[in-house]
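Each chain is listed here by its residues.
There are 2 protein chains.
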Amino acid sequence: MEKFTHEALANASVRQLQTLCEQIREEIFRTVSVRGGHLASNLGVVELTVALHRVFTFPEDKIIFDVGHQCYPHKLLSDRADRFSTLRSRGGISGFPKRAESEYDSYDTGHAGTAISAALGIAKARDLKKEDFDVIALIGDGSFNNGLIYEALNSLRVLNTRILIILNDNGMSISPTVGSTHDVLEELKAGNAPLADVRLFERYGLEYMGVFAGNDFESLLPALEQAKEKLKTSSVLLHVTTKKGQGHPFCEQAPDLTHGVSPGKKGKEYSNVLGETLTTLAEADKRIVAVTAAMTDALGLRPFFEKFPERAFDVGICEEHASVLSAALAAEGMKPYYAIYSTFLQRAFDEIIHDVCGQNLPVTFCIDRAGVSGADGETHQGVFDLSYLSLIPNLTIAIPGNLSEFRAMLEMSASFPAPLAIRYPREGEEGAFSPIEIGKFDILHSNMSDIIIYAAGERCINLAERIYQRARLEEIPLTVVNARFLKPLDEELLTSRPERNVITIEDNALIGGLGDAITRCLKNSGKNIFCFGYRDVFIPHGDARGLFSEFGPNDDEIFACVRKCHARG
Amino acid sequence: MEKFTHEALANASVRQLQTLCEQIREEIFRTVSVRGGHLASNLGVVELTVALHRVFTFPEDKIIFDVGHQCYPHKLLSDRADRFSTLRSRGGISGFPKRAESEYDSYDTGHAGTAISAALGIAKARDLKKEDFDVIALIGDGSFNNGLIYEALNSLRVLNTRILIILNDNGMSISPTVGSTHDVLEELKAGNAPLADVRLFERYGLEYMGVFAGNDFESLLPALEQAKEKLKTSSVLLHVTTKKGQGHPFCEQAPDLTHGVSPGKKGKEYSNVLGETLTTLAEADKRIVAVTAAMTDALGLRPFFEKFPERAFDVGICEEHASVLSAALAAEGMKPYYAIYSTFLQRAFDEIIHDVCGQNLPVTFCIDRAGVSGADGETHQGVFDLSYLSLIPNLTIAIPGNLSEFRAMLEMSASFPAPLAIRYPREGEEGAFSPIEIGKFDILHSNMSDIIIYAAGERCINLAERIYQRARLEEIPLTVVNARFLKPLDEELLTSRPERNVITIEDNALIGGLGDAITRCLKNSGKNIFCFGYRDVFIPHGDARGLFSEFGPNDDEIFACVRKCHARG
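Residue numbers (this note's numbering), protein chains in the order written: chain A, 12 to 580; chain B, 12 to 580.
If you are wondering where the hints come from, they were derived from the structure by calculation, not from laboratory data. Backbone N, C-alpha and C define an ideal beta-carbon position, used for all residues, glycine too. Please note: incorrect hints may appear among the correct ones.
[Stated by the list, open to error] Distance ranges between label pairs, derived from CB positions: (1) Asn283(A) with Lys243(B): 52 to 58 Å; (2) Glu441(A) with Asp143(B): 42 to 48 Å; (3) Ala201(A) with Val25(B): 47 to 53 Å; (4) Phe40(B) with Ile449(A): 47 to 53 Å; (5) Glu485(B) with Thr506(A): 29 to 35 Å; (6) Lys241(A) with Ala201(B): 41 to 47 Å; (7) Lys243(B) with Pro70(A): 54 to 60 Å; (8) Thr291(B) with Asp90(A): 55 to 61 Å; (9) Lys241(A) with Arg556(B): 45 to 51 Å; (10) Glu422(A) with Ala201(B): 55 to 61 Å; (11) Ser245(A) with Arg556(B): 35 to 41 Å; (12) Arg94(B) with Pro499(A): 49 to 55 Å; (13) Pro499(B) with Val272(A): 54 to 60 Å.
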């Protein structure tokens, strides 16, 4: 790709800018084909980003990308074009904005709805330091459903500063955008309701400018120039429409399926088991309802939504609201299943405590992408959930060891009368399992051994199996247990086992997880306890398998521990 | 107080209703004078609640009180008048709605902004069950700043059900309400901007009715009747104005100071030390800014806000936004202090991880009301923070042992370059302390002993001191340590101490707190470890001191443990 300085961009013709956009699209497409990543969202903002780099001066001016999955063109246009092919690989360029990566990245994002708050903080600091630069928040219409946006807008005038909000309206979250804000935007685009709805934004202290064609330089460039001018005296909301997937026929047609792209073949997914099983259960039990925050497909809920549209609720990127809604549905006798990624459930932490568990209501949290999720990096790893859930009273926490066991846990959950969390990684295999009993572990290999391994979740059970096989070769007998409930903990089994050496393996942060719970239970037993899980750091992007070994439980370390325990006798 | 059936209320004259209101106010005032509680917020909604009980039929119809600190008149009018004098005492009537207490309480609240989501869930369940009753969410204008409200409003039409939202507009959060939504409400009240702003609500699928005088039956009764009628075909937002503290001259004049009332004398407060110290530090350091979510006075920030208004930000009841704003201010070189109650910080859990610690930014969280906070009950106890914070990478967690040590920690924090949490209870005393070193414990009593006590926080250090004195009488030597940093943990001290018996005492849930951290560190040391903290249950309302002993670390149990360790030799 050609390199463009800010000056070159400023002097380029529209035709030259369009050629640059073609090159950027090619580069993104080539890289994502190899590395995976966010395709449609990035293809949609190519013209917009080129135009921003022409009109504004980075890194002096600051841009915050809400969610951040639309920052590839920015990375290509700033200082990372030559490293872009390393995208999402360990040590390579991140798929999200990272302050640590470049001075062109002003603020790290990954979860939805933070950009306006962040822009306000950066602008306010600028004012207090009496500096002079522009601050831009680029936000998709999907994020405009998120409550944080309104908290930020509400304080815009109180904070008395100036920011430019660019509303990148493509009609999509990962799923199509839903809700009343979306309807307002649709009418603005249709030109039907300008006065009252424009006032909606003006109320917040924003001068509204729209609607502009965000994939067309003829529309975009003068709009940005005008917004930059207005920004000298007021905060501005610039409403542009873009086409998610623009410039690539298949992406344009299926922006939901090409939002994120994985290279190589996919294995079987837990999400499919969720969708199928829940749909079957819901046929027999009318109380069952499903709730999602804008991720119907990724969570496997499509079959349920199609079969039971009146009992399926996509509330937009509103993780907290989804949690309270689930609690209230349960309070009135329904049986809600709230499916969500581990990392996004952090947003609903207070509502899990305050609304669901505080009232001891039978909401089932189906927590997908638990453990390292890989190439999306720090903001998407699901490594904290066992820790932040285990501290909550009234909550039962289940960790299936394979797809079949997950199915059985879901079947069990239908009659479970209290809050339940089931956490699982993306991919898995069918396998054997023994009948589920709440709070009971499952012994997989029992031997006359002095070493017992407690492993939770498919990745860790597979690891324990590998250790078991390696140990057999050296004639070291091992007992291996599927620690499939973190809470209630199987204290009866834990305290009655004779093995003097205890090894725990989990796909979660070491602090506050399974290892800590087992250590608490066995602390005065005289047993030696060795815990393996993620170290106390934010885990960067990379291959999930590699990250698991590098930052989490590692085969060789665990096997060395086994040998040492055995040698000690 | 006279008892009124629904029929009697329906047939009463306005004069009779007014007399009833006087009786309710008397009863509330009398009880709160003895028991403490929320005064001004309850006095403001007496007429509104009486009118609701006349027009609607509880418990068949459901009402959800947002935050819930305005439910006393409802409790007096439903089935709890004869027990109302037990308000907020252990085993007595809760100061918040509790499903477990009465069928008239449809949904438990305590934190702001949940009521519309909850009403939607209850209404949707009603529709699915093909039942027929009305669902009402009663919300103050302060809560209307909270993001959850907008997440719920956004999905109102998607969920395709009907609820009545009553906006109880008294212009106050605990502090006066701030922000753009507030300004809209003010203009609606002034009658200046009806069309566009009414449309703001209609956009969400709400029929707007307002503005009605909420302390005047002549205005209120026909409005509620009309709202009930409209509710048959549409969701309704009924905008009423009330006077916080209505009917009591001092409360009307000082609704912020009489929002919550404590009986008896108050001790010295950590919040005062925060306000004074931060103001002093800010004189020398221009980078220092203060952030609060609508609780300036309760957190002690008034002096700072008065002295540095341009560096002090009250963003309304927006705990998440306040957290992101702080992170962004820090990203641009400022030094933000975000003061908040422990229980409300749960709302910002994801932002602490994703925005503050993920970027390793020097935001200082000043976490007030840590440990049991007492009479407000389950939703207000600050017993989880050590657990949910300790799992977060990059975060330092400090726990001062007295007011003087808190002051020193704040002074230390000014030059601390990374995320820091300082957690403390409401009240405390000045006292001795040794110089603060990050991650280092402080030995308070060192003896040739076989028992060492690690205590964190003023309540627990005081408890340890009591144990120390009792042990002296029995000639049992004890070592006592102020475990003033949970993270980083003082592993050097922990692993070098010779005592074979370790006792931990903390003002936090046992799961995931100090005891677990120390147990993790010492797990293969051969030491006996005994941890004391809160059991794994939601802690109800009552006297804070009593709850501490009943649900948390208990003098007698700990002393029995000391004796047992000593006897074992």
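What are the numbers of the hints that this structure violates, sorted from low to high? 1, 6, 8, 9, 11, 12, 13
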